[in-house]
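Protein chains: 2
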Amino acid sequence: MITQVEQEWDSLKKDYQERIQSAKQYIQTGKIVDSKDTVSLLEAVIKSGDKVSLEGNNQKQADFLAEALCKVDPGKIHDLHMVQSVIALDSHLDVFEKGIAKKLDFSFSGPQAGRLAKFVNDGKVQIGAIHTYLELFGRFFVDLTPRVALIVAYQADKDGNLYTGFNTEDTPAIVEATKFKQGIVIAQVNEVVDKLPRIDIPADWVDFVIEAPKPFYIEPLFTRDPALITDAQVLRAMMAIKGIYAEYGVQRVNHGVGFDTAAIELLLPTYGEELGLKGEICSYFVLNPHPALIPAIESGWVKSIHSFGGELGMEKYVSERSDVFFNGPDGSMRSNRAFAQAAGHYALDMFIGGTLQIDKYGNSSTATASRVTGFGGAPNMGCDAKGRRHATDSWLKAGEEYSTNEQLIGDLPRGKKLVVQLQETFREKLAPGFVEKLDAWKLAENADLAIPPVMIYSDDVTHIVTEEGIAYLHKCSDMNERMAAIRAVAGYTTLGLEEDSNETLTLRQKGIVKTPEDLGIDVSRANRSLLAAKNMKELVEWSKGLYEPPAKYRNW
Amino acid sequence: MITQVEQEWDSLKKDYQERIQSAKQYIQTGKIVDSKDTVSLLEAVIKSGDKVSLEGNNQKQADFLAEALCKVDPGKIHDLHMVQSVIALDSHLDVFEKGIAKKLDFSFSGPQAGRLAKFVNDGKVQIGAIHTYLELFGRFFVDLTPRVALIVAYQADKDGNLYTGFNTEDTPAIVEATKFKQGIVIAQVNEVVDKLPRIDIPADWVDFVIEAPKPFYIEPLFTRDPALITDAQVLRAMMAIKGIYAEYGVQRVNHGVGFDTAAIELLLPTYGEELGLKGEICSYFVLNPHPALIPAIESGWVKSIHSFGGELGMEKYVSERSDVFFNGPDGSMRSNRAFAQAAGHYALDMFIGGTLQIDKYGNSSTATASRVTGFGGAPNMGCDAKGRRHATDSWLKAGEEYSTNEQLIGDLPRGKKLVVQLQETFREKLAPGFVEKLDAWKLAENADLAIPPVMIYSDDVTHIVTEEGIAYLHKCSDMNERMAAIRAVAGYTTLGLEEDSNETLTLRQKGIVKTPEDLGIDVSRANRSLLAAKNMKELVEWSKGLYEPPAKYRNW
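Quick mapping for you: the protein sequence lines, in order, are chains A and B. Position one of the first sequence corresponds to residue 1 (the working numbering), numbered consecutively onward. Position one of the second sequence corresponds to residue 1001 (the working numbering), numbered consecutively onward.
Just so you know, the hints here were simulated from the structure itself, not pulled from any lab data. For every residue, glycine included, the Cβ atom is placed at its ideal position computed from N, Cα and C. Please note: incorrect hints may appear among the correct ones.
Stretch by stretch, here's where chain A covers chain B in the computed footprint (C-beta under 8 angstroms, at least three residues) [to be verified]:
#1 1178-1184
#2 1309-1323
#3 1334-1343
#4 1402-1414
#5 1452-1465
All chains should be built: construct the whole structure from the sequences, respecting the hints.
In structure tokens, the structure reads:
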């Protein structure tokens, strides 16, 4: 009754060998291919319809390979399915414009968000889904395994071993998924050397190495000039420190990329010290090496930082702070996005960051109809890690306060991750931070997505901080109370104007809404003079000259 | 106002160098240490109070190093904090008995569960927390970074490169966390060779290599003899296939370790084929290489399997099925628990497995007062991945049916992972599968845990399958209805006897409870004759002789 299928079981392997065979002609010695042969190499090893992972990280970019991919003959190679973390460069979308690629599964597209939205509208890009990083890496091992990976490293040796060092980022995840499913791995490197500082990716996992004509592109994405921090941001930072960090004893945390969290970092050695919080909060971070954290590190606040990626200019500082960062035997850091995101999901007490829009229920998104930005790591870190089983004080306290717990799981106690949204009621160009309905609905329609792309869902958010106050959302007994708490901190937005002052008073009495006054914060002190460093120069001084900011930040 | 702290920033590095220095005398050539010097080496590099990760995986064990650790002088080395996935061997607890170790953070302790409970009661072990694997790995990069890692590989070369191959499992996660925070990595290997099949761990990441006197211990943990599958298990498997797999079109799945899921695997080429489900369900697995899956693979059901670890006897079969498994250029598989768990959390439509106890609310646990078993990967895979943002049909359907959605997030649509518990109403020795209150409460008290250790929480469970029927819990409108649905499938347990037959009828009409009859399943067909393979010999035949079961399973 059962029929055994006559099937080839090594078709991928045979296909791999055929592709490698047809690329042999471009190899000089070992695994080295001359950069002038890059396009020919790609045409030899890539086939139409392939899933291709073009390494686009949050910081470093395989830009030379990206440009080469744009030059392949679309008559020969088309309908590629790009599976990559970040759409950052023009070339990342040019491959779609040229008809070489068709489908896209990704995580983040900040710098190309507007153009991507246009491409989607014009039908040039078919979006599979917008993922959080670790989710995309997970799918690499299930149903989105790359056939070809185009990756990037600082250095290779002649055998093909790679040094990815400070900016290791996504490389290990991409390479492992590709190479161990009989795929092809091509690396662009800044230089081929005799001996690497250390080996990050073994040569066995790499098929071809190309010395690119110039070093790979890298973006200092997490550098915030303290000179640009506003008094309003200082106020929100003070409120967050006193009303959340101190209140819950938050020890393990990830900060978002914005100025609000930079302000928090710069207030630790001043306002934090004044509140007696040193050692009580912020001992462990999962975070890129933010320059704004230098004063807190130098003041002895921080025990450990594990990083997703590097940050341009922080190489030497990080190397000299090996007690804090994860540095290799050679002295340079090894970032690793996969492990940092696993830690960010499971080992943190709190995720805190900004967003573009929050709806009346508390759902938030950075996607708008004209900008497909993606979410990066936010959904992974900014959600309650339901699989978490270890307890910390802050996790237990948030869980005890979570009033929906009994409806969900009965009489069992359970903790909850703190997920904090820092929000201006009005952002740039007076765009309201609170809206009736997220623009994500429109985007879903335009891009033919199954559901609106939400960055953080309401049931995961515990706190919203605006200049009006803090809403402790998880304490709300039902959706109506939650919506009232959101209105209470939504300021002069349309949503905020629907606030009922009696209702807000009740929420304040319940401790669900707290104004600066309720928190005992003297608003007159909320100004830039509280920052431990007020500009880039002071950050460099704090670092004892070890931090070397990129030229565009050197304004002194 | 700010005081900069005078601080050493490389104390870990100096400490590392001191330890290495005092161990230099034991090195023969390169990184090789003679096995007879192992205890001396450990006494040289480990200090009291260290966090030590002794590699204990689900399958392979660093057993030689574990035994050596038991022989160090407790006068010199004591109060170690063990941070390791699995407590499997006597030696894993002997280090506590001997006063060498004091605290334990871990994930799973199946084989030592009874003894561990006793140690906890006697105050010999202080449990930090019971984690799910990926959570523990995450903490390795935050607040549980090992100072010393004692790991295990098949082979090393003279430089210290390691081949972990088929059973790579946890090794990359442990080594990366340890070595990049200036920790010390010691590897036991089965042999030192001139040339490795491939490099899994670069030599730069390893400090010492010891050729152990005998090959490392490994357990065939996922091998289920089809001869032991009962008719009741066949019935539950039929119900799961028709009532869940087919109903939701489940394509991406992880199966637990039990006989119920082995039965499901063995029904795919028979009952599944008959229902026309080939290609419609079970194309992608995250799973160890279960022998029971061989008939489905050979019948062309499976596109891809990524594995946490290996399975003894499956080496050759997996090597010859490179289209399906993740094999390296050398032909052997590379398992990787960290990536498989990331995939298991984020890329699967369904987690299905068994448990020991389910309470009246639907919370389940394998922990009892006298057995501290831990959970392994279950909490990570058996929870709703709140950070997930990509849609599949089954995820969307479960989300649409989830009646609590609006209370939690308003009018936004969201999917939900299918989390299925297969449960006998009475297990071995007539222990009830459904209870008023979980034994986990008592355990929490005995072990001084902050909260009862729950494996899967009620709000994550979508389905419970017993011989009585399937409860579609996520469809229930509130906790009362959920409790009624649980009673309806709880059989003759005390909980089940509280069933109200009118209430159950209403639930059946709503499609919240379905009996075999409701599902259109002919119970008389539910017997072993439906299994694609009925014993180990037939599995070997299906594999064309490639599967080589361990001796204890060779009964023909």
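A quick look at each hint next to the structure:
1. 1178-1184: holds (count 4)
2. 1309-1323: Coverage by chain A holds for the segment 1309-1323 of chain B (4 residues, Cβ < 8 angstroms).
3. 1334-1343: holds (count 7)
4. 1402-1414: Coverage by chain A holds for the segment 1402-1414 of chain B (10 residues, Cβ < 8 angstroms).
5. 1452-1465: With 7 residues close enough to chain A, the hint holds.
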